[in-house]
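J.: Two chains, two frames, some hints: make the complex.
These protein sequence lines are chains R and C, in that order. Per the numbering used here, the first sequence runs over residues 1 to 139. Per the numbering used here, the second sequence runs over residues 140 to 261.
Calculated directly from the structure, the hints in this document are not laboratory data. Note that the coordinates shown come from a computational prediction; the quantities given were computed from them, not determined experimentally. Hints should not be assumed to be uniformly reliable.
Stated by the list, open to error - With a straight-line cut-off of 20 Å between C-alpha atoms, the simulated DMTMM-like cross-links for lysine to aspartate or glutamate are:
no.: 1; chain 1: C; residue 1: Lys-227; chain 2: C; residue 2: Glu-257
no.: 2; chain 1: C; residue 1: Lys-172; chain 2: R; residue 2: Glu-139
no.: 3; chain 1: C; residue 1: Lys-160; chain 2: R; residue 2: Glu-139
no.: 4; chain 1: C; residue 1: Lys-160; chain 2: C; residue 2: Glu-183
Stated by the list, open to error - A partial selection of chain C residues facing chain R, derived with a Cβ cut-off under 10 Å:
no.: 5; residue: Gly-161
no.: 6; residue: Ile-167
no.: 7; residue: Arg-202
no.: 8; residue: Thr-203
no.: 9; residue: Lys-206
no.: 10; residue: Phe-207
no.: 11; residue: Leu-210
no.: 12; residue: Met-212
Said to hold, decoys possible - Over the 12 Å line for every Cβ pair with chain R, so calculated as not near, a few chain C residues:
no.: 13; residue: Ala-142
no.: 14; residue: Leu-151
no.: 15; residue: Thr-179
no.: 16; residue: Gln-180
no.: 17; residue: Glu-183
no.: 18; residue: Ser-217
no.: 19; residue: Val-243
Where a beta carbon is used, it is the ideal one built from N, C-alpha and C, also for glycine.
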Amino acid sequence: MKIISRNLLLFAALLLIYTLLFRFGLGALLTQKKWFWVVIISVLYGGLIFVTALMTGRRDGKENFIFDAGFRWNFTTFVVWGIASEAWFLLGLHSTYESIRAVHITLFIWGGFLFLHFILFLILRRRTIKGVHKTDIFE
Amino acid sequence: MAAKDKMHDELLGAWEETYKKGQLTLWIFLSLKEGPKYVTQLQESIHRFSKGTISAEEQSLYRTLRKFYHLKMVDFSSGKGHKGPDRKYYHLTPLGHSLLQSFVERNILLFFEEPLKELLIT
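Looking at chain C on its own, in the form it has when it is part of the complex (with noise of 0.2 Å):
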């Protein structure tokens, strides 16, 4: 039985890994799509809404939001930080709203129709 559990864990572990790889895109305009948020915000709201499954490092994002930021899907405005520099607070441009919304439509609601809907929940 414990081999059973072990090998189960095992698969679940590789099918997660393989299944998280793209989503920290997902993640990150979800995140601001909530509002605009520096780089530390991003990283505890992604942790927060995927329930800790989800994590990603500084450096990452901050590559990835700059990625991003030369392709037009997110904007930046300076705010104040709380004790030192100003910070770079991320936004979602037009082209990053409706890239999400079609991205959403196209992969993600179908999850929330039948038959998918009770297949899931079942």
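Same shape as in the complex, but just chain R (with noise of 0.2 Å):
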């Protein structure tokens, strides 16, 4: 049983690859002003992270029977998204039409929802046994 698994190092590996594709693509169509692709490719991002969170937390879940609500990939995502877009800026990478600002404030109300995952992470933490939740214990 491992907190920092496979299946969430490379959720996190994709990830990472996903979102610096997303951010050279996103900037290039708004230097553009392509407004509807800009809709498409954040709708194919999106669903592109929720499909690889939900393959790679299933395996997970066979491979690793460790209960954490789902906390794990939602902290990865938050980590790995604000420091890939965090570091984009700093890089000078973004276009004129993005702002940091919209990042911070991603990462303020996301941060509060994380928080919240994390106390129900506790609460339910309570039907397990070291770990494993009750009902995935005998088979």
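T.: Spelled out as structure tokens, the structure:
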């Protein structure tokens, strides 16, 4: 049972690639004022993260059996997205239509939800024994 | 008559399917109580003990044993394999033995007492 499992690292790596590609595409499309495509790649980016998280999370559930109510995946997304986005701005790769303020506001609101998610995890953890959910122990 | 038999078999199958859910632990514990076993032996003894009514895939057994090991219900020691690498021989820990005993006393032994015993065999 590992907190930082192979599946979580795979998810983090894929998320980093998606985020860098998304940031690159977003900047280019904003510069060209192609608003429709900005919406399309944003939806695709979100969908891709959701599907990847679902697949790696399910596999991790089978191999790792640690119960975290999805918190590790949410936290990893927060950290990877935050670092990649901040770095994007710090390196000056953003377009003139992008503002670092939007990143900070997103991280602030997301941080609040992440905190609530953590509280939920702590509450649900009462139903576990040594990190394994009681309903998942016996087969 | 054939339709009635078919319905009987279908209902029995559905009942058994539900009944067997959650039984793997009991068969694993009983098999390990008999003595330490590696996964293939465990699989064979579950099949033998249950007279073929319970079968468990090797992957499923590995996963379950890993979980039980994490929860200190089973432990293992390495032993020689036939040809390949060493095998893990699983056995019940004192916690595993105690759990099995409590579970059997509370859920199984009552079937050996009257009036259930009488009702079951008549």
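J.: Does each hint hold? Answer for all of them.
T.: Evaluation of the provided hints:
A C-alpha spacing of about 43 Å is found between Lys-227 of chain C and Glu-257 of chain C, which places the hinted pair above 20 Å, so the restraint is violated. With a C-alpha separation of about 18 Å, the suggested pairing of Lys-172 of chain C with Glu-139 of chain R holds against the 20 Å cut-off. Between Lys-160 of chain C and Glu-139 of chain R, the direct Cα distance comes to roughly 7 Å. Compliance with the 20 Å bound is thereby established for this hinted pair. Proposed proximity of Lys-160 of chain C and Glu-183 of chain C is supported: the alpha carbons are some 19 Å apart, at most 20 Å.
The beta carbon of Gly-161 of chain C is positioned within 10 Å of a beta carbon in chain R (closest approach about 6 Å), and the interface hint is therefore held. Against a cut-off of 10 Å between C-beta atoms, the interface hint on Ile-167 of chain C holds, since the closest Cβ of chain R lies about 9 Å away. The beta carbon of Arg-202 of chain C is positioned within 10 Å of a beta carbon in chain R (closest approach about 7 Å), and the interface hint is therefore held. Interface hint at Thr-203 of chain C: satisfied, since its Cβ lies 6 Å from the closest Cβ of chain R, which is below the 10 Å cut-off.
Of the supplied interface hints, the one on Lys-206 of chain C holds, with its beta-carbon coming within about 6 Å of a beta-carbon of chain R, less than 10 Å. Taking 10 Å as the C-beta contact cut-off toward chain R, the hint placing Phe-207 of chain C at the interface holds, the least distance being around 8 Å. Against a cut-off of 10 Å between C-beta atoms, the interface hint on Leu-210 of chain C holds, since the closest Cβ of chain R lies about 6 Å away. Annotation: interface hint on Met-212 of chain C holds; nearest CB of chain R at approximately 9 Å, less than 10 Å.
Chain R leaves Ala-142 of chain C outside its interface by the beta-carbon criterion, the shortest separation being 35 Å against a cut-off of 12 Å. The beta carbon of Leu-151 of chain C sits about 22 Å from the closest Cβ of chain R, which is more than 12 Å, so the claim that it is off the interface holds. Under the 12 Å C-beta cut-off, the non-interface status given to Thr-179 of chain C relative to chain R holds; the minimum distance is some 18 Å. Annotated as non-interface, Gln-180 of chain C keeps its C-beta farther than 12 Å from every C-beta of chain R; the closest such distance is 19 Å.
At roughly 18 Å from the closest C-beta of chain R, the C-beta of Glu-183 of chain C stays outside 12 Å, upholding its exclusion from the interface. No beta-carbon of chain R comes within 12 Å of the beta-carbon of Ser-217 of chain C; the shortest separation is about 21 Å. Once the 12 Å rule is applied to beta carbons, Val-243 of chain C is consistent with being away from chain R; the minimum gap is 14 Å.
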